[in-house]
Amino acid sequence: MAEVLVLVDHVDGEVKKVTTELLTAARRIGEPSAVWVGEASDSGTAKLAEYGAQKVYTAPAELNDHVVAPTAELLARLAEEKGAGAVLVSATAGNKEIAGRTAVKLGSGVLTDVVDVSAELVTDHSIFGGAMVTKAKVRTGTPVVAVRPNSVPAEPQAGEAAVEAVDIEVSAAAKGARVVERVAQEQGERPELTEAAIVVSGGRGVGSDDFTVVEGLADALGAAVGASRAAVDAGWYPNQFQVGQTGKTVSPNLYIALGISGAIQHRAGMQTSKNIVAVNKDPEAPIFEIADFGVVGDLHTVAPQLTEEIGKRK
Amino acid sequence: MNIVVLVKQVPDTATERKLTSDDFTLDRAASDGVINELDEYAIEEALLLREKHGGEVTVLTMGPDQATDSIRKALSMGADKAVHLVDDALHGSDALQTAYALSKALGTLEFDLVVLGSESTDARTGVVGAALAEYLGLPQLTLAGKVDVEGTAVTVQRQTDYGYDVVEAQLPAVVSVVEKINEPRYPSFKLIMQAKKKPVAKLGIADAGIEADRVGVSAAGTETVEASPAPPRAAGTIVKDEGDGGAKAADFLAEKKFV
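So the sequence lines, in the order shown, correspond to chains A and B. Residue numbers for the first sequence follow full-length UniProt numbering, so the first one is 1 and each next one is one higher. Residue numbers for the second sequence follow full-length UniProt numbering, so the first one is 1 and each next one is one higher.
By construction, these hints were calculated from the structure, which means they are not laboratory data. For clarity, every value in this text was computed on a predicted model and none was experimentally measured. You can trust all of the hints, since none of them are fake.
Away from chain A, derived, C-beta distances all over 12 Å, residues of chain B: (1) G33; (2) Q66; (3) G151; (4) G204.
Which chain B residues face chain A? A few, computed with CB under 8 Å, are given here: (5) F24; (6) T125; (7) V127; (8) L138; (9) D161; (10) D241; (11) V259.
Cross-link-like lysine-lysine pairs, in silico, DSS-like; alpha carbons within 27 Å at most: (12) B/K190 to B/K202; (13) A/K175 to B/K146; (14) B/K240 to A/K314.
Idealized CB from N, CA, C, for every residue including glycine.
Work the whole structure out from these sequences, hints included.
See the structure below:
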């Protein structure tokens, strides 16, 4: 069975959930091999073993000192050396770029924002803001596929996770763009937006930069906080939390939209959420067309009551 | 400093967008074409850089004849001239073929910086900037929320999940921008009138040295095999808040085992 390379997303040595989802998808196609840029931690390796990684290729953390290109070199080289059946990455903005460059190097096709992938490497996509669904496949070379987080449910299955360090000399050409500083912006204790199982977002209806009502509900549910473009444009919430066509695409189990009308711009970023709850004053708001449960009312009274009820029922 | 800004015409997101039933490529006749929104930020950034450092801004568009409208719009924002890569052979090219064709068209131009939007609102692959850098062998400064040029060095704030990375490179380089970077200007009447006289050079694939067997839907590395309208979501329950809206929402969450 061909190896399927899975690029590991990790923070502080912990493997992100999306990687376990990718390993689950990779097992349908072939034998999963994780690719870890940096020194694989013991707990991270154990997690990769739990989800079926047979091998864990590690490469020096210095690859990340330059933008995208070195990791693409690593993946392309491993794919060629191992005769990989496919390369899977998570569909984050940066990883999609890695996928693109890897595919160029391999002379392959690349598919991005995939919401499901079959054993035959036919991929499902949700396009045009969720209005259409398509199936696609790669015709040439080793398929490079970027899968949206929360799309494939992770299922454990034991693997060897044998760690193997890869010697790689990054080319001069790949060192053109050098990272000179990393600036972390406050995220607090909340889960990361694209990874979160639950997202609570606020829009125009929040009415000011006081997002406490949104954050309070999010914290009661252990959720990430998002914002609509209207709220971000108004300067009420930072840009990196924007959900929508020109922001992040999320696909959580539960999406709660507070005071968001649900214009196409927003729906494009959240329509594949499994459950959608909406609170809006306007009964005609398009968000209600896609909501599984909607409350026509003022979010400033409905959301605090919901937060309190969740607290009571815990 | 000479800048080439890449502009794509896309179907208006406010209209119903479709794929053709034969080869599942974008049905450009089904909706009005507009400038890809993120490319407006790219145009604005190019104009701001020109105001600071001098030089020329050239618009480069790959697309069918009707993309001329978007080229004129970009010129009316203040770009100096345009190159329109237009050829029937390009129809249905996927993201990587597009990046390849653009890299060849860029080969016919002189530039210090290529600026583009980080993704298009139609296909949303987000790979063209990276693939372009790969084809051109130039530094990739993508997902920029801020761009500064000093001498021959360019520095950007690359947006990441945790905040941003400060990234440096030497010109020439490829820069893609995100929405937060600036506020695109509206064309003035004077500029709209001037734009009509600005030169737009048409470039065919042969002019750019693009091999006919590398572009177009039949040579694409990817293929859409099925397309259909999304199945409608089952109609949800909508209640009016009578003072118990939050409690009712909590009931729904409990039923779905979220609480």
